[in-house]
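Undergrad: Using the sequences and the hints given, assemble the complete structure.
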Amino acid sequence: MYGRKGYQLVKDFASGEKGQLKPFNSKLFDETVEECDQNHHLIQSLIRKMQQEGLDVQNNRNADHYGALIHHLSLIRNKRCLMAYVYNRAEIVRDLAWRVGLELLDLPSEIQEKLTTLEKEYFKNHSIALKSYMGKVGIELNVDMVPPKDPYIKVRVVEDIDEGIVLSDKTTNFARHSMHFLKRTDAEPYIARGQMEELTG
Amino acid sequence: MASNSDLGSADFETLASTSDVELLKRAWRNEKAAPEILPYEAALIERAKGQIELVEENIEDYVENGIDPLVVSLYQMDLDRTQFLLRSYLRVRLLKIEKFMFHNLKSEEAESRLSEQEKVFAKSCADDLAKHFEESVLLKLPENYQSVLKQSLISEVDDMVPQPHLDTFVVCRSKNFVSLNLYEEGESPETVEMERGDLYFIRYKIVKGAIESGKIDLI
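From first to last, the protein sequence lines are chains A and B. Residues in the first sequence are numbered consecutively from 1, following full-length UniProt numbering. Residues in the second sequence are numbered consecutively from 1, following full-length UniProt numbering.
Derived from the structure by calculation, the hints contain no laboratory data. A couple of the hints might just be wrong.
To be verified - Below, a list of computed lysine to any residue pairs in the SDA-like style, where the Cα atoms sit at most 25 Å apart:
(1) K150/B to L42/A
(2) K205/B to S174/B
(3) K150/B to K131/A
(4) K32/B to A210/B
(5) K131/A to G50/B
(6) K18/A to G138/A
To be verified - Rough simulated footprint, nothing fancy, chain A against chain B, three-plus residues with beta-carbon under 8 Å:
(7) 26-37
(8) 58-70
Just so it is clear, CB atoms sit at the ideal spot from N, CA and C, and this is done for glycine as well.
TA: Here it is in structure tokens:
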């Protein structure tokens, strides 16, 4: 049935957890593109047929016209499904730039694996746009994501972090499992990348 | 402040509500709750940035002059809050630009609401996404179906551009007495009258003008 592939593709995206990426379903994606091509060939052959019969393609309303229309509608529907699939994934990619980090290397490898080459490219380009905006405005926007309650928070180091990171008011050795009392703005990037966790309560 | 002990509490309220931090808070709240992007508060943002710098310098001076760390940390906390407001305000706007990037560039009205830097950002955003669309989908489709904005060549209008839903409902509080027309022109006229301080749950479209002129705040 025409249009089913596109529907399955969108459903494949929708069945994932909200805000989480699944691996790009290139098999279904390519099959949908393939169906678009088929639709297009059939439209053209129907139009050719009408031309050979000497009919006015624009205004004639015979069976072939409606046949071509069905293919056209199927093609449009598939296009919308393909675009929706790419668009919604792109939305998650942008979200990663905001929440996790503006460099591709900042992203955990299990997320990187799920991105296609084109999506990685898009991530880079979008990060450049964001960085250039922040540069011009002179304000970093990807820190301070939650309203501040206390300027200092308690954190625990989860992963080994390179020694000697200079924070705005001190340098420390961040050995794994060590606990620190840091300025929230300093700790946020590490928390976003999962290298530290905030201790509450 | 102490010299004005006869200042009524209502007057004090109006006075307090004109401080830049309060204005920023208002702009931020409205921006967060509105479905579409609102006009950029250029002058306010410039002032807020200036004040943040000033307070930052003051805090450095306090630290150097050995003022009680507790006092300094109170100033720091206040600064952090203002900075959060500013960042969050700009951030909410960028997220809206990302969401409606093609719409923002297409409609002159929406574009005029952006700051210069936001326009640049919106432009590169849209270019990047269009490029991504082309490489992943559109170039693989038949020629007549390759437009980002239109479903196919025969579409007369751009029918693939997501737009903000202006019909969505918002919660708002009026600051003055306002009378609003509930329906668009041509439909049967019916007005709603809001007293100062009234809370309403209402379609965004109806209060849109009053929000921009500052008579109503979104919450």
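Undergrad: Next, verify each hint and record whether it holds.
TA: Structure-based check of each hint:
no. : hint             : verdict
1   : K150/B to L42/A  : 21 Å, holds
2   : K205/B to S174/B : 15 Å, holds
3   : K150/B to K131/A : 30 Å, violated
4   : K32/B to A210/B  : 16 Å, holds
5   : K131/A to G50/B  : 22 Å, holds
6   : K18/A to G138/A  : 33 Å, violated
7   : 26-37            : violated (count 0)
8   : 58-70            : violated (count 0)
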